[in-house]
Each structure stands twice: as C-alpha cells, then as structure tokens.
Amino acid sequence: MNRKKIQVLSIPYVIWIIGFTVIPLLFVFAKAVTSPQGAFTAGNLIAIFDPVHRKALFLSIELAFISSILCILISYPVALILRSSKIRNKKIILFVMILPMWMNFILRILAIQMLISKNGLINHFLSLLGLGKISIINTEAAIIIGMVYDYLPYMLLPVLNCVLAIPDDIIEASKDLGANRFTVLTKILIPLSLSGIGSGITMVFVPSMTEFVIANILGGGKIMLLGNVIEQEFSVTMNWNLGSGLSVTLMIFVLLTTLISGRTVSETDKGFVI
Amino acid sequence: MIGKILGKTYVGIVMLFLYAPIMVLIALSFNASRSRVLWTGFTLKWYTALFHSNAIMKAFGTTMALAFLSAAIASVIGLLAALAIYSMKRRDYKIMLFFTNIPLLNADIVTGIALMLWFVRFLPLGFSSVLMAHITFNIPYVILCILPKLETMDIRQFEAARDLGANSAYAFTRIMIPDLIPGILAGFFMAVTMSMDDFVITYFTKGAGVNTLSTLIYGEIRKGIKPEMYALSSVLFLLVLIILIVVNLLTGSEYKNSERR
Amino acid sequence: MKKTITIILLIAMICTLSGCKGSSSGGSLTVFNYSEYLDPEMIAKFTEETGIEIKYEEATTPEELYTKYSSGAISYDLLCTSDYMVKRLIDEGQAQEIDFSSLENYKNIDPKFEKLSESFDPGNKYSLPYFWGTVGILYNTKMVKEPVDSWDVLFSGDYSGQIIMQDSMRDSFMVALKYLGYSLNTKNEEEIKDAAALLKKQKSDVSSYLVDEARDEVVAENAVMAVVYSGEAYLGNEYNPDLAYVVPKEGSNLWIDSWIVTKNCKNTDAARKFLDFLCREDVASANFEYIYYSTPNKAAVDAMDEELRSNPAVVPTDDSIKNCEVYEAFDEKTNALYNELWKEIKSQ
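Residue numbers (numbering that gives the first Met the number 0), protein chains in the order written: chain A, 0 to 273; chain B, 0 to 260; chain C, 0 to 347.
Any given hint could be a false lead.
[To be verified] Keeping only pairs whose Cα atoms sit at most 25 Å apart, straight-line, the calculated DMTMM-like set for lysine to aspartate or glutamate is:
| id | chain 1 | residue 1 | chain 2 | residue 2 |
| --- | --- | --- | --- | --- |
| 1 | A | Lys54 | C | Asp204 |
| 2 | A | Lys117 | C | Asp241 |
| 3 | A | Lys3 | B | Asp162 |
| 4 | B | Lys44 | C | Glu288 |
| 5 | C | Lys297 | C | Glu343 |
| 6 | C | Lys124 | C | Glu288 |
| 7 | C | Lys54 | B | Asp196 |
[To be verified] Covered stretches of chain A (in silico footprint by chain C; criterion: 3 or more residues with CB under 8 Å from a CB of chain C, positions within the stretch not fixed):
| id | segment |
| --- | --- |
| 8 | 62-70 |
| 9 | 114-123 |
[Said to hold, decoys possible] Negatives, chain C to chain A, calculated, CB over 12 Å:
| id | residue |
| --- | --- |
| 10 | Thr49 |
| 11 | Thr59 |
| 12 | Tyr181 |
Since the hints were derived computationally from the structure, they do not count as laboratory data.
From the three backbone atoms N, C-alpha and C, an ideal C-beta is built for every residue, glycine too.
Input sequences plus hints: build the corresponding full structure.
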C-alpha cells in the first residue's frame with residue numbers, strides 16, 4: 000500500500016471531525032466573541048482577568064497540578080513494586096486497578112463524600128479506635144482527594160505499561176556495570192518511563208482543569224474552579240457568551256500547557272494495552 | 000523480605016483507596032433504608048425491585064446499546080484514521096492530532112450545548128443524536144490507544160508478507176490486525192467506559208423519552224439516589240469483573256503462546 | 000473489514016431511522032418536568048386510561064429546563080416549572096391559554112392559588128398550580144437548644160461550620176434580604192449590596208452550599224441546620240425524628256411550580272386531558288405521596304390523614320406564609336448585579 004492509498008482511510012474521520020468537532024466549535028467561537036445582543040466584543044475573552052475568574056483559574060491550575068503530582072507519586076511506586084514482584088500475570092493487577100472506573104462517576108464521588116464527611120465512615124471508624132476526627136469535607140483537600148481518586152487510573156495505566164515494558168536486560172547490564180539501585184532508578188527506569196508519566200500528566204491535568212462535579216459535591220459549593228464558573232454561566236446565569244469566552248480561554252490555556260510540557264496527549268505512549 | 004512486605008502493603012493501600020468507595024456503594028445496595036445516610040438493616044429487596052423498574056431497565060438497555068454501538072463505530076473510524084495518521088508526513092500528522100485532542104479539551108457542557116445547537120438544524124433529537132455525540136468524543140480515545148501501538152509495531156513483518164506475495168488486504172488482516180488488537184480493544188473499552196459515564200453531553204443531545212443510567216442518576220442526586228441504582232451498579236460491576244477476568248485469561252493464554260513462538 | 004463497516008453503518012442507519020419516527024403520531028404528548036416530580040406509575044395510568052402516549056423529559060433546575068426548551072431541540076407540549084420561569088415563558092409568548100372551565104377537576108385546586116399566582120400569571124390564564132411550598136430552616140432540635148423562629152440563627156455565628164445554605168442565587172439572597180427586613184424582590188442597589196455583604200460575612204460560618212442534598216446532610220447530622228424547601232422537611236423528619244422545620248418570622252419565599260401548555264402544542268385536547276388528570280384527587284394524592292411536597296389540590300389535602308394534614312411542612316399554615324412573597328422575574332440589569340455579587344460570594 001502506498002501512502003496516498005492509506006491516507007484515504009482518514010476520510011470518514013476527517014468528515015466526522017469537520018461535522019461534529021469543527022462546526023460546533025465555530026458556534027462556541029462565535030458566541031465567545033459576541034455580546035448577548037449579538038455585537039462583536041472581546042470582553043468575554045478578556046473576562047478571564049476579572050478577579051473572580053482569575054482566582055478560579057489559578058485555583059484550578061493549583062488543584063490540577065497537585066492532583067497530577069499526587070497521582071505520579073502514588074502510581075510510580077506501584078509500578079516499581081509490580082515490576083519487581085514475581086506475579087505471573089501482571090496485567091490482571093492492571094485490570095483490577097482500572098475496574099472502579101466502571102462504576103458510575105457520580106456514584107463514586109458521592110461514595111467518597113460519605114466516606115470523608117463529618118459523620119462519615121472514616122470518622123466513625125476513627126472514633127471507634129478512639130482517635131480524633133478528620134475534617135476535610137468541603138475543603139480544597141477534599142476536591143484533591145476526589146480528583147486523585149477519579150483520575151488515578153489514567154496515570155496508573157500509562158506509567159505501569161511503560162515501566163513494565165522496560166527490558167530486564169538493560170537493568171541487568173547496568174547492574175553489571177556497577178550501578179546501585181538508586182542509579183538504576185534515576186538513570187534508567189525514570190528516563191525510560193518519562194513518556195508514560197508525560198501522557199499520564201496530560202490525562203490527569205486536562206480533565207481536572209474543566210472539572211466541576213467533584214468541586215460541587217466534595218467542595219460543598221464553597222470553592223469555585225473555572226469549570227464551575229463556566230458551568231454556572233451556561234446553566235444558571237444563562238450568559239452563554241461569557242461561558243463560551245471563558246471556555247475558549249481555558250482551551251487555549253490548556254493547549255499551551257500541553258505544548259509547554261513538550262508533548263500533546265497523543266505524541267506519547269498512551270499505552271492502554273490490555 | 001521486608002521490602003517485599005512493604006511493597007505488598009503499599010499496593011494494598013492503593014487498592015483500598017480505589018475500592019473503598021466501591022465497597023460503600025455495594026454496601027448501600029443492601030441497605031434497607033431509602034436514605035443513603037442511614038443504615039437500617041440488610042435487605043435484598045432492591046435487587047428484586049430493580050428488575051421490576053421499567054425506567055431503570057429501559058435506561059440500562061439504552062446505556063448499553065449506546066456504549067457498545069458508539070464504541071464499535073468509533074473503533075472502526077478511529078482505526079482507519081489511526082492507520083492514515085500514522086502514515087502521514089509530520090505536518091499533517093500534527094494537524095490531525097491537534098483536532099483529535101480538541102474534544103478532550105472542551106468542558107463537557109460547552110461540547111454538549113454546541114452539539115445540541117448544531118444537531119437541531121438538521122436532525123430531530125433522539126437516540127441517534129446521542130449516538131453521534133458519543134461517537135464524537137469516543138474517536139479520540141480510540142486513536143490515542145491505537146497510535147502508540149502502531150508506532151511500536153514492527154512494520155517489517157507486514158512488508159515481508161507483501162514481498163512473499165500476499166495482497167495488502169490479506170497482509171493487513173493477517174499481520175497488522177492481530178498486532179493491533181490489544182490497542183483496538185483498549186480503545187474500545189475506553190470508549191465504552193467514557194460513553195457509560197457521560198452525563199452532560201448526553202443530557203443536551205438526547206431526545207424526549209431517551210434516558211441513560213447517567214441521566215437517571217443525575218436527576219436523582221437531589222431527591223436522593225434510589226437504592227435500586229446501587230443494586231444495578233453492583234450487578235454491573237461484578238459482571239464486568241467476571242467478563243474482564245475471562246477476557247484476560249483468554250488473551251493471557253494467547254500471550255503465552257505468542258511468547259513461545 | 001468492508002463487511003464490518005457496512006454492517007455497522009447499516010445498524011447506525013436503522014437506529015437513525017427508528018429515532019426519527021414516532022414524533023408525529025397522533026396520540027402523544029411530550030411532557031417536561033423537574034426530576035422525580037411525578038409518580039411514574041401515574042404516567043402509565045394516564046396512557047392506560049386515555050391511550051395517549053407520554054414522552055417524559057426531566058430537568059433538575061428551571062434554567063436547565065429553559066435552556067433545553069428554548070433551543071427548540073424538542074417540541075414540548077406541556078411543561079412544569081417555577082413561578083419566575085413561568086413568568087418568563089409567558090412574557091416570551093411561549094404559553095397557550097388554558098380553558099380552565101373545561102377541566103372537570105379544576106375545582107379541586109384551592110382557589111387561594113389564583114391570588115397567589117397573580118404575580119407571575121396575571122389573570123390566571125396560562126398556569127395550573129402543581130406543587131407549592133415555602134423555604135425555611137430544617138434544624139436538629141437536639142443540637143439547637145433555643146427555639147428557632149428567625150433567620151438570625153444563620154447569621155449569629157453560634158453555629159459556625161454547621162450551617163448549610165441553598166446553592167442558588169435567589170434563595171440565598173432571599174434569606175439575607177428577609178433577615179435585613181427588605182423585600183426578596185428588591186431592585187434597590189443599596190439593599191442588594193447590604194445583603195451581599197452579609198452573605199460574604201456569613202460564608203466562613205457556612206459548612207456548604209447545597210440544593211436538595213442538604214436534607215441528607217442534616218439527617219446524617221453532618222450539619223445542625225439547613226435552608227431547605229418545605230417539601231424536604233417531611234422526609235427529613237421521617238429519617239431523623241429530631242429534625243424540625245420552621246418558616247422564620249421575618250418571612251420567606253413562597254414558591255409555586257405550575258404547568259403551562261406551550262404554544263407548540265397541537266394536541267390541546269390531549270394536553271387538557273393530562274392537566275385534568277393531574278387535578279384528579281387520586282392522581283394528586285399519588286403524586287403527593289411520591290415526594291411529599293405540598294399540593295394545592297384541596298381534595299388531596301382533605302384525603303390525607305390528620306397527622307399529615309396538621310404538619311406545617313406538608314400543608315403550610317396561612318399564618319406561616321403571611322410574610323412570604325413569591326419571586327418576581329428581575330430586569331436584566333438587576334439580574335446581572337445579583338449574579339455578579341453571587342459569584343463574588345461563592346468564589347470568596
């Protein structure tokens with residue numbers, strides 16, 4: 000097959016993109032640069048500098064960033080442990096770890112709320128042990144827990160796939176050459192699994208930025224992320240123009256972040272291997 | 000030795016973190032009270048009630064039809080697109096990936112309302128409009144699961160087959176597809192999951208009387224989730240667990256075969 | 000490969016086609032309502048009795064309902080929404096007049112609602128009351144020692160971190176405005192800003208801003224008190240007998256959710272049958288027992304047992320609503336000011 004012939008295969012997709020991604024996106028852009036009365040304006044795009052929106056944006060970045068880091072810190076040791084363990088079928092562990100994603104997302108977040116609320120199960124358990132209570136519900140910490148919980152599988156998958164795929168020979172060779180365990184980790188394992196970590200970061204960071212349900216349920220409606228502001232503009236205030244404007248800025252912003260981090264989601268090894 | 004135990008404990012803690020909420024939901028399906036914050040005793044009545052609830056069973060059917068149909072169509076379009084994108088020159092490749100990423104970047108509500116405004120112009124909202132919306136957000140996941148596989152694939156096998164006289168369709172189905180199957184399956188399952196979980200886009204693109212489990216659950220949050228919903232989730236969860244274990248055992252043995260080869 | 004594609008495309012086409020049909024058949028109504036607001040068995044019963052098929056759609060908030068309605072994506076025949084949204088739809092010419100004289104069971108509706116509905120449906124031409132109630136405080140009598148009869152408990156700081164407010168701009172402002180002695184429909188900028196300042200000050204004492212989930216939180220004793228709709232109070236009390244509901248003496252919001260027939264409705268005969276069906280005593284009672292919100296249906300109220308009827312959360316007393324007001328729709332400028340301030344409060 001020559002290249003031209005193969006490229007014909009993309010025709011259905013190109014049609015689909017134009018029909019269902021580009022055209023709806025044009026609607027959004029059109030709303031973003033007009034006022035509710037229909038006049039042209041840049042106000043909706045500049046609105047990101049409004050103190051309320053700016054605060055929400057920075058908070059979104061902060062929480063998404065912390066969640067991404069926590070996901071790496073949790074996932075990487077799991078990958079290393081699984082790598083060195085003698086379990087024959089490591090894929091099954093992988094399965095078991097992504098399985099929770101099959102429970103409805105809202106139900107899972109409600110379950111977390113029940114676990115960490117003031118009279119929740121965790122506090123109940125702690126008081127049985129005679130320990131003090133934790134009070135994290137309706138705080139930023141609760142939102143971070145929710146995000147880490149919900150997006151951890153997105154990090155686990157690529158990281159695990161990457162780390163497990165590193166051939167043993169390389170490690171053996173480096174050990175033969177006198178590398179200690181720390182050097183193996185920093186000089187071999189981590190560099191070789193960077194692509195997995197990279198795609199994991201994007202997969203966690205991007206949805207955390209537009210998220211609003213987690214913030215609503217676990218943040219007790221007291222904490223506004225940019226996703227919440229956009230959602231409010233669309234579904235409560237009904238200022239679709241401002242909502243679109245903020246979405247477009249958010250989109251540009253996320254695109255920039257993914258570019259700066261050196262990779263878009265797709266360029267890295269996503270590694271959803273079953 | 001101590002390291003081993005520490006390691007196992009660590010994985011155990013992560014598992015506990017991932018499964019604690021699931022266990023809460025399963026426990027709730029056995030709770031006699033309708034309120035999720037009170038435990039008034041053990042019951043199996045929600046499981047029997049579940050199969051008598053027309054609304055839930057119908058929504059379950061719609062959800063499944065939607066998930067598998069949209070994932071299947073997205074897999075076909077996505078597979079073809081991935082093959083094409085893989086063979087593109089760097090510039091085109093980048094452009095295609097840029098557009099592939101867009102549905103992942105937009106807030107759901109923006110995508111949902113934009114699609115609704117667009118669909119209204121040429122299509123009565125119904126099952127088909129939701130299906131198209133789901134295919135739209137599913138394709139990127141499929142492509143993103145298949146592309147890395149293509150990139151690590153040994154293209155020489157395919158060329159060897161061609162040199163040995165196989166026509167390209169034959170070489171494709173016999174050499175490339177088997178290698179791509181893990182990626183395709185992963186994309187497919189990813190798409191099924193995404194489709195089952197989506198609420199916002201479904202809500203805005205669905206027609207009258209079409210309900211998925213997500214839209215039912217969302218409506219119930221305010222007045223309290225119906226216990227039948229926990230029962231259904233638990234059944235579904237166990238079902239998936241069993242299916243995945245079976246699939247895994249099957250592909251696992253294939254995997255060993257291929258290693259032996 | 001080609002075969003697979005053909006098959007899948009075929010399936011897709013079949014689905015598309017089957018999705019299209021049905022909307023034009025004679026005996027059907029597309030009904031839009033709040034979620035969990037009508038006993039599904041009553042829909043089945045209506046179809047059984049009249050042969051008219053119901054396509055039932057739900058929304059969680061008036062705004063969501065409006066968005067979906069006004070996009071024109073689906074042609075709804077009947078919809079049920081709240082007072083100020085009813086007004087908006089009537090003002091936009093979206094409603095059809097209802098011929099109340101032809102509704103056999105309309106006599107079951109308490110006549111006092113004609114007066115109460117005046118503020119959003121002058122002359123009572125377009126709307127049929129479905130459920131109504133007040134907004135008040137649901138509190139735990141074990142944890143609150145003094146008698147609660149004023150919004151003051153929410154602002155005194157005595158229950159810091161144990162208060163749940165409504166996650167809705169109108170309802171939260173209403174609480175502050177009423178506490179300050181202003182009208183909940185005020186357009187006076189000073190008064191609105193006063194209320195906003197009060198709410199900002201209160202935020203550190205608020206445990207969370209929720210909607211109807213507030214009930215479960217108070218039931219679970221995660222919070223001591225919450226601002227809720229009266230309809231939530233009855234079930235809250237069923238789950239936790241220590242809970243009590245009060246409409247503060249400063250007054251509150253009286254809300255009415257009403258049905259309107261949209262201008263798109265062609266089958267007005269079927270729509271009339273549906274509305275008449277909803278007014279029937281047995282149907283109104285069944286719907287009442289499905290969610291325990293207050294019903295304007297006098298026959299259904301009379302059919303309740305004494306204990307229910309004397310519960311002020313189920314049947315608000317005339318005394319408790321004497322200081323209450325119904326929401327009016329704001330003009331655009333006032334609306335923008337409220338929204339802006341609410342956003343500031345929430346993101347503080």
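Evaluation of the provided hints:
1. Lys54/A / Asp204/C: holds (21 Å)
2. Lys117/A / Asp241/C: At roughly 18 Å apart (the allowed maximum being 25 Å), Asp241/C and Lys117/A satisfy the hint.
3. Lys3/A / Asp162/B: Satisfied, since the Cα-Cα distance of roughly 20 Å is no more than 25 Å.
4. Lys44/B / Glu288/C: holds (20 Å)
5. Lys297/C / Glu343/C: Judged against 25 Å, a Cα distance of about 43 Å means the pair is violated.
6. Lys124/C / Glu288/C: This hinted pair is violated, its Cα atoms lying about 28 Å apart.
7. Lys54/C / Asp196/B: holds (24 Å)
8. 62-70: violated (count 0)
9. 114-123: Holds: 4 residues of the segment 114-123 of chain A have a Cβ under 8 Å from chain C.
10. Thr49: Thr49/C is indeed farther than 12 Å from all Cβ atoms of chain A, at 34 Å.
11. Thr59: Thr59/C not clear of chain A: closest Cβ-Cβ about 9 Å, inside 12 Å.
12. Tyr181: Consistent with the label, Tyr181/C stays out of reach of chain A, its closest Cβ about 22 Å off (over 12 Å).
Taken one by one, the earlier hints fail for this structure at numbers 5, 6, 8 and 11, listed in ascending order.
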